[in-house]
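As you go down the protein sequences, you meet chains A and B in turn. First residue of the first sequence? That's 14 in the working numbering, and the numbers climb one at a time after it. First residue of the second sequence? That's 102 in the working numbering, and the numbers climb one at a time after it.
With beta-carbon atoms standing in for the labels, derived distance ranges: (1) Phe154/A to Arg296/B: 17 to 27 Å; (2) Tyr210/B to Val222/A: 12 to 22 Å; (3) Asp258/A to Thr358/B: 28 to 38 Å; (4) Thr197/B to Gly126/A: 32 to 42 Å; (5) Gly89/A to Gly290/B: 28 to 38 Å; (6) Lys245/B to Leu144/A: 14 to 24 Å; (7) Gly252/A to Thr197/B: 19 to 29 Å.
If you only want the chain A side, here are some residues facing chain B, beta carbon under 8 Å, derived: (8) Phe35; (9) Phe80; (10) Glu99; (11) Glu110; (12) Val121; (13) Tyr135; (14) Gly137; (15) Ile188; (16) Val191; (17) Ser248; (18) Arg249.
Chain A is faced by these chain B residues, among others (derived, beta-carbon under 8 Å): (19) Ile151; (20) Gly176; (21) Gly192.
Derived from the structure by calculation, the hints contain no laboratory data. Values in this document were obtained by computation on a predicted structure and should not be read as measured data. Each residue gets a CB set at the ideal place from its N, CA and C atoms; glycine is no exception.
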Amino acid sequence: MRLPDAVAALVHDGDSVAMEGFTHLIPFAAGQEVIRQRRRHLTLIRLTPDLIYDQLIGMGCADKMVFSWGGNPGVGSLHRFRDAVEHGWPQPLELEEHSHAGLTNRYVAGASGLPFAVLRGYEGTGLQSLLSTVAPITCPFTGERLAAVAALHPDVAIIHAQQADRRGNVLLWGIQGVQKEAVLASARSLVTVEEIVDDLVAHRAGAVVLPSWTVTAVALVPGGSHPSYAAGYSSRDNGFYQAWDEISRNRPHFLEWMEEHVLQPPAVPAGAGTGAG
Amino acid sequence: MTVLPRPAAERSASPERIADGQEPGYSAEEMMTVAAARALRDGSVCFVGIGVPSIAANLARRVGAPNLVLIYESGTIGAKPQTPPLSIGDGELAETADALVSVPEIFNYWLQGGRVDVGFLGAAQIDRFANLNTTVVGAYAAPKVRLPGAGGAPEIAACCKETIIVVRQSPRTFVEEVDFISSMGFGKGPGDRERLGLRGGGPSMVITDLGVLRPDPTSCELTLTELHPGVEVDEVVSATGWKLTIAATVLRSEPPTERELAALRAFRSPEPA
Numbered sequence: 014m015r016l017p018d019a020v021a022a023l024v025h026d027g028d029s030v031a032m033e034g035f036t037h038l039i040p041f042a043a044g045q046e047v048i049r050q051r052r053r054h055l056t057l058i059r060l061t062p063d064l065i066y067d068q069l070i071g072m073g074c075a076d077k078m079v080f081s082w083g084g085n086p087g088v089g090s091l092h093r094f095r096d097a098v099e100h101g102w103p104q105p106l107e108l109e110e111h112s113h114a115g116l117t118n119r120y121v122a123g124a125s126g127l128p129f130a131v132l133r134g135y136e137g138t139g140l141q142s143l144l145s146t147v148a149p150i151t152c153p154f155t156g157e158r159l160a161a162v163a164a165l166h167p168d169v170a171i172i173h174a175q176q177a178d179r180r181g182n183v184l185l186w187g188i189q190g191v192q193k194e195a196v197l198a199s200a201r202s203l204v205t206v207e208e209i210v211d212d213l214v215a216h217r218a219g220a221v222v223l224p225s226w227t228v229t230a231v232a233l234v235p236g237g238s239h240p241s242y243a244a245g246y247s248s249r250d251n252g253f254y255q256a257w258d259e260i261s262r263n264r265p266h267f268l269e270w271m272e273e274h275v276l277q278p279p280a281v282p283a284g285a286g287t288g289a290g
Numbered sequence: 102m103t104v105l106p107r108p109a110a111e112r113s114a115s116p117e118r119i120a121d122g123q124e125p126g127y128s129a130e131e132m133m134t135v136a137a138a139r140a141l142r143d144g145s146v147c148f149v150g151i152g153v154p155s156i157a158a159n160l161a162r163r164v165g166a167p168n169l170v171l172i173y174e175s176g177t178i179g180a181k182p183q184t185p186p187l188s189i190g191d192g193e194l195a196e197t198a199d200a201l202v203s204v205p206e207i208f209n210y211w212l213q214g215g216r217v218d219v220g221f222l223g224a225a226q227i228d229r230f231a232n233l234n235t236t237v238v239g240a241y242a243a244p245k246v247r248l249p250g251a252g253g254a255p256e257i258a259a260c261c262k263e264t265i266i267v268v269r270q271s272p273r274t275f276v277e278e279v280d281f282i283s284s285m286g287f288g289k290g291p292g293d294r295e296r297l298g299l300r301g302g303g304p305s306m307v308i309t310d311l312g313v314l315r316p317d318p319t320s321c322e323l324t325l326t327e328l329h330p331g332v333e334v335d336e337v338v339s340a341t342g343w344k345l346t347i348a349a350t351v352l353r354s355e356p357p358t359e360r361e362l363a364a365l366r367a368f369r370s371p372e373p374a
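Turn these sequences into a full structure, and let the hints guide you.
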């Protein structure tokens with residue numbers, strides 16, 4: 014499926030969307046297609062919003078964000094996220110804020126078909142009282158007090174992977190994050206891949222296979238995770254992450270950059286140049 | 102209060118002394134990083150955040166603790182990077198790891214499972230009970246500064262056998278009361294961790310660019326126990342936003358050795374291949 018067609022078919026205004034990828038394999042090209050198609054009122058879900066959600070927030074696509082760490086890793090702030098929270102620009106952003114362990118377990122519960130998951134978490138933190146999706150629970154066997162987190166069921170999960178075969182089975186490897194759980198917890202899923210191959214070779218470190226019947230659509234998008242990366246195909250563009258600090262710092266400069274690099278067809282990955290190998 | 106040099110037995114084998122009045126051949130940040138590296142015992146398992154904690158943990162692997170196991174929250178267990186990673190998920194961490202696991206697994210099986218000895222954390226604000234704020238400056242609903250948030254830290258602070266906090270010391274950071282508790286230290290004082298069922302031991306040291314604070318065994322309040330070379334007690338007191346308690350005996354940190362400095366600088370700025 015072509016990426017624009019897949020996004021048009023799977024992502025609707027008002028949807029809850031989980032674009033996952035923990036530093037590695039972040040689905041930038043798909044996220045930027047969502048921006049080009051001017052989706053509105055999305056609930057964005059992601060452990061680490063990263064630059065892709067900074068772009069979606071700054072372009073006014075999101076009403077709400079469910080997350081656990083919203084920074085530019087190793088660099089500093091996400092300026093568009095901060096501007097939305099601190100000044101309501103371009104619109105206010107409702108937050109549902111977790112710890113990594115808590116939000117991860119919300120996906121696990123969703124993928125497992127359970128109403129909630131249990132963890133040792135949140136105790137003593139200020140997050141507890143803010144969250145309607147976290148509640149104390151008593152262990153029926155030991156009497157210990159634990160945290161229950163509500164299952165998460167996004168309307169659509171979007172991930173990037175290294176390969177799919179011609180039947181639509183998906184293989185990713187390396188740092189695998191929470192993508193498997195995000196896909197299995199969601200009603201629909203879109204996977205962009207570096208390459209379509211005849212045979213998937215799954216004996217690699219961190220290999221995860223998603224059988225074709227767990228995935229709604231696959232789109233071939235080489236370099237589709239840039240400036241994140243796909244192990245075996247590209248390296249993380251740390252220079253772009255550092256440059257984003259300046260690009261995103263003020264509103265006009267950000268909008269100019271988005272206009273030039275994301276909105277204008279033909280679509281090219283953000284800051285293209287070191288994409289697919 | 103007396104300031105003592107460390108007992109001879111604790112000193113490094115070849116301490117290079119800096120003569121009085123002479124500019125030290127290292128920065129305050131290098132001293133902080135070296136002090137943090139020294140705090141890690143060989144063979145222990147360390148959950149590492151990005152920035153100074155990551156630099157210090159990698160320095161420890163090079164000097165004194167070659168069997169230290171580094172875990173990054175991206176699921177890289179036993180990572181051995183040759184250069185400082187910018188993010189917790191740089192490719193080199195995965196390529197050099199002993200095991201690569203998913204995010205649910207790293208938090209549920211490894212951290213919550215009680216398999217981590219030391220958690221290494223930073224913070225934007227810290228209070229006298231080592232509660233940490235990485236969420237907001239100001240009110241949550243209308244923050245002056247929106248910070249990144251908690252990330253992996255709440256459960257690192259709850260579950261590791263001990264946590265070591267590395268942070269530059271200033272009254273803006275060391276505050277009477279944190280604006281938000283992202284990660285719990287000792288809460289409001291003795292007994293709070295036990296009451297809430299936190300299984301890890303909590304903060305054991307706060308290492309700064311000026312010295313080292315440790316929780317008082319009775320009150321749990323952070324107390325100045327160690328001064329870095331050239332730093333006086335007054336400087337630490339005025340860089341602290343609460344009335345800082347000074348331990349009866351304050352040790353003087355050994356300055357970085359040539360070996361520590363060389364290893365630190367080589368890791369940060371590797372020679373081009």
